[in-house]
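Engineer: Residue numbers (my numbering), protein chains in the order written: chain A, 1 to 331; chain B, 332 to 662; chain C, 663 to 993; chain D, 994 to 1324; chain E, 1325 to 1655; chain F, 1656 to 1986.
Take the hints with a grain of salt, since some may be wrong.
To be verified - What follows is a list of derived Cβ distance ranges for each label pair:
1) A:Y160 <-> E:D1429: 55 to 61 Å
2) B:C629 <-> F:Y1955: 27 to 33 Å
3) F:Q1899 <-> E:S1489: 57 to 63 Å
4) B:C629 <-> F:D1909: 41 to 47 Å
5) C:A943 <-> F:T1662: 50 to 56 Å
6) F:D1670 <-> E:P1600: 41 to 47 Å
7) F:G1935 <-> A:D118: 33 to 39 Å
8) D:T1320 <-> C:G862: 54 to 60 Å
9) C:G936 <-> D:D1247: 34 to 40 Å
10) B:P434 <-> D:K1272: 47 to 53 Å
11) F:D1909 <-> A:P103: 31 to 37 Å
12) B:E409 <-> A:V282: 21 to 27 Å
13) A:R186 <-> F:T1662: 50 to 56 Å
14) B:E409 <-> C:A943: 33 to 39 Å
Claimed, not checked - Okay, the calculated bits of chain F under chain A, using three or more residues with CB under 8 Å as the criterion:
15) 1799–1808
16) 1972–1979
By construction, these hints were calculated from the structure, which means they are not laboratory data. Remember, it's a predicted structure, so these values are computed and weren't measured experimentally. Don't be surprised by glycine CBs; every beta carbon is placed ideally from N, CA and C.
6 protein chains.
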Amino acid sequence: MNPNPITPTIPYDQDGKFHGFLRLPHSRNESAWGAVMIPITVVRNGDGPTALFTGANHGDEYEGPIALQALAHELEPEQIRGRVIIVPYMNYPAFRAAARVSPIDMVNLNRAFPGAPDGTATHKIANYFNDTLVPMADIVLDYHSGGKTLDFLPFACAHYLDSVSQQEACVAAVQAFNAPYTLMLREIDNVGMYDTAVEGQGKVFVTTELGGGGSATARSARIARRGALNVLIHAGILEGERDQERTVMLDMPDEDCYHFAVSEGLVEPLVDLGEPVEKGAVIARVWSADRTGLQPLCYYAQRSGILAARHFPGLIQTGDCLGVIATAMED
Amino acid sequence: MNPNPITPTIPYDQDGKFHGFLRLPHSRNESAWGAVMIPITVVRNGDGPTALFTGANHGDEYEGPIALQALAHELEPEQIRGRVIIVPYMNYPAFRAAARVSPIDMVNLNRAFPGAPDGTATHKIANYFNDTLVPMADIVLDYHSGGKTLDFLPFACAHYLDSVSQQEACVAAVQAFNAPYTLMLREIDNVGMYDTAVEGQGKVFVTTELGGGGSATARSARIARRGALNVLIHAGILEGERDQERTVMLDMPDEDCYHFAVSEGLVEPLVDLGEPVEKGAVIARVWSADRTGLQPLCYYAQRSGILAARHFPGLIQTGDCLGVIATAMED
Amino acid sequence: MNPNPITPTIPYDQDGKFHGFLRLPHSRNESAWGAVMIPITVVRNGDGPTALFTGANHGDEYEGPIALQALAHELEPEQIRGRVIIVPYMNYPAFRAAARVSPIDMVNLNRAFPGAPDGTATHKIANYFNDTLVPMADIVLDYHSGGKTLDFLPFACAHYLDSVSQQEACVAAVQAFNAPYTLMLREIDNVGMYDTAVEGQGKVFVTTELGGGGSATARSARIARRGALNVLIHAGILEGERDQERTVMLDMPDEDCYHFAVSEGLVEPLVDLGEPVEKGAVIARVWSADRTGLQPLCYYAQRSGILAARHFPGLIQTGDCLGVIATAMED
Amino acid sequence: MNPNPITPTIPYDQDGKFHGFLRLPHSRNESAWGAVMIPITVVRNGDGPTALFTGANHGDEYEGPIALQALAHELEPEQIRGRVIIVPYMNYPAFRAAARVSPIDMVNLNRAFPGAPDGTATHKIANYFNDTLVPMADIVLDYHSGGKTLDFLPFACAHYLDSVSQQEACVAAVQAFNAPYTLMLREIDNVGMYDTAVEGQGKVFVTTELGGGGSATARSARIARRGALNVLIHAGILEGERDQERTVMLDMPDEDCYHFAVSEGLVEPLVDLGEPVEKGAVIARVWSADRTGLQPLCYYAQRSGILAARHFPGLIQTGDCLGVIATAMED
Amino acid sequence: MNPNPITPTIPYDQDGKFHGFLRLPHSRNESAWGAVMIPITVVRNGDGPTALFTGANHGDEYEGPIALQALAHELEPEQIRGRVIIVPYMNYPAFRAAARVSPIDMVNLNRAFPGAPDGTATHKIANYFNDTLVPMADIVLDYHSGGKTLDFLPFACAHYLDSVSQQEACVAAVQAFNAPYTLMLREIDNVGMYDTAVEGQGKVFVTTELGGGGSATARSARIARRGALNVLIHAGILEGERDQERTVMLDMPDEDCYHFAVSEGLVEPLVDLGEPVEKGAVIARVWSADRTGLQPLCYYAQRSGILAARHFPGLIQTGDCLGVIATAMED
Amino acid sequence: MNPNPITPTIPYDQDGKFHGFLRLPHSRNESAWGAVMIPITVVRNGDGPTALFTGANHGDEYEGPIALQALAHELEPEQIRGRVIIVPYMNYPAFRAAARVSPIDMVNLNRAFPGAPDGTATHKIANYFNDTLVPMADIVLDYHSGGKTLDFLPFACAHYLDSVSQQEACVAAVQAFNAPYTLMLREIDNVGMYDTAVEGQGKVFVTTELGGGGSATARSARIARRGALNVLIHAGILEGERDQERTVMLDMPDEDCYHFAVSEGLVEPLVDLGEPVEKGAVIARVWSADRTGLQPLCYYAQRSGILAARHFPGLIQTGDCLGVIATAMED
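Between the sequences and the hints, there should be enough to build the whole structure, so can you do that?
Structural biologist: Right, here's the structure in full:
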């Protein structure tokens, strides 16, 4: 097989702090010998564990990019032991396009793992992480939010894994991240996910959903920044004490949590994120986008709980996720 | 001058409730003899005042459309005295495109007044409202929100007018609307606005900014719905008692309220809507979208107050409005 | 006022046959000093009347272009007396784009008259015809068909005019054209039409609708070719005898003839062009494009007659013309 | 291999009539957790044969969608024995785009078989039919027409197959469909076709070409509707007597039937569908789309027969199919 | 009339050097309260003449932007007497799009003068220059090149004017600019040009064509930089001695200089810029872009001279300017 | 495996001169049964060697298409011994789009080898050359230039190969081509290149870079034409004497030759093609495209030599190739 064409412009194994790029050659109409240049920062100070932190796996999610730009700017080698690899804009073409998927190949990076060195641009990025960066890491933190079309309660998340010890390590790291909400999730369809690729290599993995709508707030950005430092301290890379607050435990036990639209139209939400809802209550009405005078279509809660995620845009299409109801308990 | 080509499919002067369309002939590649069909509802019961309520003047603002679809569905002639004309999707092509301006001519309806009967599609819509619907009305309510690129504290708004009595009537109606925040505004550049056209005809006018981001929440939709009923009661059209809560008075006295971006990048907000801010405090940092390791550009509050509006998307362009600081006092 | 920038590359007043262009300078991204080159042919033989024949006023209508390319190729000066000016692709940019309106400015040429020398490209074309070519003509024939979105029974058409003598001259020319169907039409909204501009200059004017769907058939092309020769003979320009067949007289007396869609969906037509239909009969059903199991929306004939025009594409939008019922009588 | 991600929202094995969707998860910029929802109806009444009927394999062909929407609406369980699975819009994204191929991946569904569960959206649809629906069926009817760029004489079609008994069963079903024309076809390049996939599973298969141009007529819709009922009766699923008329047998014995364009330009057809043509006759002229005065390029019939298919748009490109001449004999 | 909405962020009348923007409010889908921010630099030192220097009037011409960015960076107030106003990217939206005309309204800025304060974005820019900046200037230098579709011999240019003294002043300034070639031009169609607007206000005006193809070379950039300094010295604003070399005088006396394409295809140039050509010689062949084996179309020199401009892209369209032949004489 | 669907419309093994097409069936929205028609000419005269000459491997490079259209037009069978296969527009869809890569699948043909018969359109073309045309050839000449985004000194090129004798044969052919510059190149990343595919089949291979910018000059076209004849004479196919001039030998020994942009902006080149440059000298400045008053970013020569290639467009993106410095010695 051909080698992955991505090359870093900075060293991974040298002490100090290095700002550079992952250089992915990309010949195209606009640049015959051009390249996609994915920003990367490596901070290293002697031996120790390696943390790999990524944002913009989906290009329209902003808490990760903010926290990691700040971390790359503020973290100094003398503060740490070991190594921190920071890629704030993992799917850089998608990030520049403010889009979930790459404008180059319309591929969802988080469904492209393990990737391929001779695939399209997104598959090459997936493959470089899978084969080069993840193997270097002990702990991996991948930031997500809802993007332009979903909005979430801010939570960090671990997956149920076959290995009890790996799962415990992940849970501990997720609790260290200390988002306002914490979720244990059993991914039903995890084919092609970065999560799956990282966990499959036996690494400690933390993921999040910290907001959405294609925007970040002061609050969600603070959660993201604080979580990064907490995880570094937890991993023994950064000195100091974690800044911990109470977190609410969430559970999404079955398919009934998910509510999908079966028609298009104008959404009138009746429940906001974090609000409690009883099974059978109307959570949203969808009005005709064409005319007045028609009955709205009502969507009923399939279970009791709190609203943990919601459709963001004002209009909705058939098949879109309208809302997710989770059960919550104080930790 | 040629007459405006728009025709209603329902009567304006007949008692009862009528759902129909404003029919705007629009010959185009996709339909040689086609038309833009703008939904409209007229509810009438004998003599009395006329209210004209409009949403989606900008097509990506959803509180107005929701409140007016609900009102058109729920309001019955026997509940009222006089007439209510409801146009939930005023710039219907923009609303269907989920865009601020019309995809047909890229014209901003709220800068197209008084319009022209032989202009482009948006100018024809403006002209029909200006020449036909507004003259029929005693009180006009036009819903706005921030759309996909701005987010606002929910407020209703009246303008400073030359006529003291007209201004007082407008203020009374705005207070009747009873949004959580209430604003008196002196439009500096009001050329082409619907507001200006309506006020210029001596009508009572209420406008709002109820949220933004291209989404509506359960809360903002409730504010919009409640305000419509309150205004109808205030106008003597609907029986009943207004549902009034406390409102906070806002003021945006000068240009220093407005903060504009002077570079592009990734926004890290440091203040959320409604939070207090001191003059000179950093309200946002903008990070490079290209690389790591650069200083962020800091934006400082030009005055003390509370954050009343903010840039919504995660990325920002030079010239975008980053935030608006208002002074607030409890009413 | 500035002069119209269009210049012909061939002479109008010289005996012989000349193929060339109307040259419209059009500076654009793709060509800094470029031009729109509209093909034109002039055939002249001494003094005599002038005929101006045009096709592709709408760029997706093909019978005119075919008939006029053939005429330009086959007509020789020695066959005629006077002059024939042939412009097969009047709105050339639209014709090349296979679109109703010009891709340059999205303007419908047939609504742009009298045009303007300093307007957009389509207004310049309209203005050149209005100010230069039409004044040179005694008789004007403008070919139309339904384009990509409508389909018509093949008819030639004259308008009711204020001048009895002009109307009689037009009717005589339309009968000379001798399409299978012949229509007298009272344009209700004729603002900006070429027809109106030509008739306003007192010229004899013939227009047609010869088919549609963005296609021409062998039959419709033959009707178009035959009509051109018949009109030239009728005008005294071409020697010979007209090739005349029976024609059916059509009338579209009022608004009830026109049936418009009030919802979008999949069209199931129940009546074909030329078939008789009784008032109240279902002429089409529209099925949901989203799901199965819903009632189709039925459209009922608003009057008795024959189906003279129909919506062409398989899907329909709200506001589209679904069908036109005309009354017919043998001539 | 990963399982196909498509799931039905209705049961296949329960008596009654069910309207629902095939749900294909499709994460994209417009909907992070969205899905393609392909409408499906299942009608079942006890044991018996299963018929699988599909339309819009190509999204711009409308006779199948019309007939199957009507069938899904009108067919009741008590009328049948066995099961009818109806998918009116097989390539739903293409159907909504009024396009031959899917706008998601630009893949032609009828060249994507047997598909792949981890391919692009169209490959997933192909794979679901190949692995799940076709194995459930005894008889399969797939409606086609010419789409926006071709127009056909209305025919039903069976293929020459290696298995004599299978071929005879197919021919019997095609004759039961009873289109005005009936064709036996030897596909030369059948790679990736649904036809090939169905026949390869030993099923009885009927396909059609019933018109074209991206439109349906009252006549072609009636042929499609009648054929569906005829095939259900033939299959022993529906009670009743078939509605049979005379059909004309067509044959396309060799490559000479097909006429391709070798230049671009404006098409002047000289023969219409169903008309006889002698070898060597001119069937079309192609005129320059750039200028007047050039010789048209003439296309000559490569064999005698009747015109069975023709290029539809008014303009033609090099390589397009200009026309197909078949030999015809009364059955 | 409404005032022009453009405002500068820097002072025009204060001593020192100021970098800022011309702020043009531009509400659009991407930014509700956004603005076009046109970079501007003002350098001032006491009383004295004002020079107004502009680049990117057409957005794909680069010598002006380079020279003016360098000048804005390097020129210091203490070096000058009077004032220099520098706008390197006059049509900023076009410049960012690397396009001749503005992507906002597709308007050619150099045909939009005198503009309008309530026109589209480009008309507003034109109007601000016409009404605000040009009146402040004594001498105006506007840089042009061929852009992406033309390539020129590097020349500076003055126009024949009605006022002898104004023309002499312009010629002197053009000679001071000292490009390798110098041209006197009689604009035949000067409607809407910046040149015309500036000259109409009685100002000294210098324009150039310094290269093309959408690129700048080291040589063409040097010519542009040197010309700026020479003109400032000539105007008495900058101290020092002009850097003068020999220049070749060019003349384009009549329409025969211009050669236009009358067909599309692949261009084979036979003469390069600056090379001599005899009347009747073949200057280019155009080959079919569709097929091999056809005769190329030959273009013959309509006069003797040197090639002063040429079509740049490898393919050519009907109506494009193929080449311009000028007569040259050593100064 | 399925056979490649491409078929030639002309014979390869018949004496004479044949102009035709490679016919690649391409069903798409615009043409249901359409095809990509790639022009090809075969000239043959008895036994002898076969030369395969190709242009427009990248669709925006014009010297090859010009030289090969001329050769196809001018070369007569009686002038040669053996066979010449000429494909001027190898990636025909890209050539018609004036783009580097195919608009059908966005694939770079020169990275698609060996291709696949069931891949996308570009992979099918690659596969047809790889499996059908290259095996027929003894010597292969593939023309390249810089396209729209790069500009090169005109050179012909051979690769370092494992087989000494094959390399010597290639070098001899490259010298026969006799471009002004001659290069020996060690491709570091040659995966998917046509070069690699041809050389892997043991053929004599010549490639070139003859200019760029998406334009051809009279000079570069002459070099291309002369080279074709020289190679045919060298191969013993064409009679006659080669037209040889001095050539300069170029070497690009290591990675330091290549200079890449690490920021976006406006390029000010300081060195032109062919000019000498000292290590450490500034070769270009990049100015901000957003504002005035910022320091330009300077790029320094990483080695001494002459500038052999340069970025062409006026604006540059991060990752683009800014320039290539080669070492040169007179041959």
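Engineer: For a quick check of understanding: which of the numbered hints are violated here, in increasing order?
Structural biologist: Those not satisfied: there are none.
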